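A.B. asks: Below, each chain spelled out in residue letters.
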Amino acid sequence: MSLRELKVCLLGDTGVGKSSIVWRFVEDNFDPNINPTIGASFMSKTVQYQNELHKFLIWDTAGQERFRALAPMYYRGSAAAIIVYDITKEDSFQTLKNWVKELRQHGPPNIVVAIAGNKCDLSDAREVLEKDAKDYADSIHAIFVETSAKNAININEVFIQISQRIPVLDAEGSSVRGFKLRRQPAESTRERSCC
Amino acid sequence: MDPFDSCDSRDGASKTAATNSQTPEPWSRFSAWLECVCVVTFDLELGQAIEKTNICYLSFPDSYSGCLGDTQFSFRLRHSVGRRGSWFGQEDAYNRAAPVTLQKEHAHFHGYVYFRQVKDASVKRGYFQKSLVVVSRLPFVELFHSLLQVIAPEYFEKLEPCLETVCNEIDQWPAPVPGETLNLPVMGVVMQVKIPSNVETPAGSPFKQTQQENLLPAPMILPSVHELDLFKCFQSVLIHVQMLWELMLLGEPVVVMAPSPTGSSETVLALVSSIAPLRYCGDYRPYFTIHDSEFKEYTTRTQAPPNVTLGVTNPFFIKTFQSWPHIIRLGDLKISGDLPKQVKIKKLAKLKTLDTKPGIYTAYKTFLQKDKALIKRILKGIQKKRPSEVQSSILRRHLLDQTQSFIFPLEQYLSSLMPPQRTVSPWKTPPQIRPFSQEDFIKILDQGGPQLTSVLKGDWIGLYRRFFRSPNFDGWYRLRYREMTQKVECLHLEAICSTDLLAWTRDKSEVEIVDLILKLREKLAKARRHQLPVKEKHLERLEQSIQTIISSLPEDLQTVLHKQSQSEPHEH
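Protein chains in written order, with the UniProt record's numbering: chain Y, 1 to 195; chain H, 1 to 572.
Isolated chain Y (complex conformation):
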């Protein structure tokens, strides 16, 4: 079995639940009073996918505006980006679109994009329709799921879908370190990626 390290970054507005998603995925835990992230925090988790081990190196970035300029350090070289919005906040969905634009312009060419509409447990206060978000995600060939870090809904799902979209290793299995995938010929992954 081969081990691949996959750098994944989380982007999105402040307070949409990026850190909570990571906590749920890595620690299977939820803390309603989590502090805003300063800069970024790092966690990792290894999961099995088919006959490979995927070690996700997860960079959870700060949503606050003052850290915005640092984001390139974290999406640089990422195999995937999870852009998170809050289904109860229309604004956060607009921010998400800006992130998609930025990734398209400055991100790695073959980055896998996953869109997570978090806080789906609060559907009473919903401002963003699932269908609208899904249509948008489809239009940019992104993974789309609505999640709830609080109720553990679809969290693992996001990462499983990312694993599915990561290009398979070549026969020699030479890209032990996952970051190689951005160097793969664009054609092979074009239909899967957002840009």
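Simulated from the structure, these hints should not be mistaken for laboratory data.
Treat the numbers as computed from the prediction; the structure is a model and nothing was measured.
Check before you lean on any hint, since a few could be wrong.
[Claimed, not checked] Straight-line C-alpha distance at most 30 Å; calculated DSBU-like pairs for lysine-lysine:
| hint | chain 1 | residue 1 | chain 2 | residue 2 |
| --- | --- | --- | --- | --- |
| 1 | H | 194 | Y | 45 |
| 2 | H | 158 | Y | 97 |
| 3 | H | 344 | H | 319 |
| 4 | Y | 55 | H | 319 |
Starting from the known structure of chain Y, arrange chain H on it as the hints suggest.
C.D. replies: Just chain H now, kept in the frame of chain Y:
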């Protein structure tokens, strides 16, 4: 205290310090690695005039000529005593397991500097001049310079939030545990490092760097946290490595004058590390300026030059250090033919003018002859374009073998001073370690001398005699003596533990028994305080037998003894 409280002062260099706070909680992990991060900017009108620390002066190149662009170097700083002083000698978990050459020191800090000087029309002087400095007790020069390479360029562009982020990320790093391989995430990069421990031999690079093409940004695997490229550092003094090793071994006063702070600091660190696994016990300053608080102390003419190694760049120092016995003057590297030009040994009298030529200015005659085979091998390697890392590890291997050949007889002799195990008795105080006799040692050199493991010819005895007078011998001996004392203590404790103490008490008076209990308790507390390498189960058994003996005593005495134990501070 918010670690990002900036204390911008108006006097010249403004300094934004991220010092670790008084309460250990939020920044405890950060402070396992760093003391603080400083930003130093140059002010045209006032220069780097800041009163508090030397950091500002040490963070800027002394002479500006060749430093356009980015420069990295390091310095070492005496820690002004009186500040929150938590002693960590053998009590510190890291120090207990780290090689002596990599231990944290109580009295010194290391500063690692990333200096940028670029043309900038918006600044009065016409130049942007700024240094990002990380200050740590850990002598991990390679790690911290790699860290700076990641963070400094970002910082110069993105400023404060970047620093805040980095400090937070470092605050999430696992503690530096000797022997462990750690992943240190910072700014989207994961640096992988192995922290050396005292149980492995410091031979060469511990793990191979597998370079894969175009894997940017591949995980950063650092081959070593502390080992510099020795070959690069010694390029112009390769043929004098033997002399340099002896000078370091003997703790001779040495000044390195280099054209840049990078050159001076790398050379000094390389010199100091050349006698590993022996610890260089004198003071050393990879980059020393006239603003250093120790400047007067070290350059006074009324005393003999101190046993220190100083790295300097300012030509002014030529005058200051005229009375010093060994001055290594380096120039910009020149290539003659296809080999780096080697500096020559020169007479001290020639050291006069400010434009003194490169050379080693000394009257020193080596005790041992040069290893010509090594020099030949290294020079051939240059012609064959052997990679620098390989050249370095050949050099390091050679120096290590040589140091080990030198210490081995000392270690052998020292272990003969240990009292025989049969003299350790639970009923007597621990036996004494016999004193070190230089003459006895010299006598054994005939059969067990360094000639067994080293091919080098020369006056080994003379070298040992001189070594006995150096701070390095003193430091080595103290350390070993302490270890041996602890070993004897351990054996003694174990002997006590395996004795039937209760049986002994049967025909003893109460006074004798109480005396025994008090002595045992004291021993136990000492073992815990010094963290003697005794198995915990031994200590527990001893505690148990103390309890058993106490309960065999009359009740009133029992109460007294229990009370007495409660009033003692418990140390765990």
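A.B. asks: Of the numbered hints stated earlier in the document, which are not met by this structure?
C.D. replies: 4
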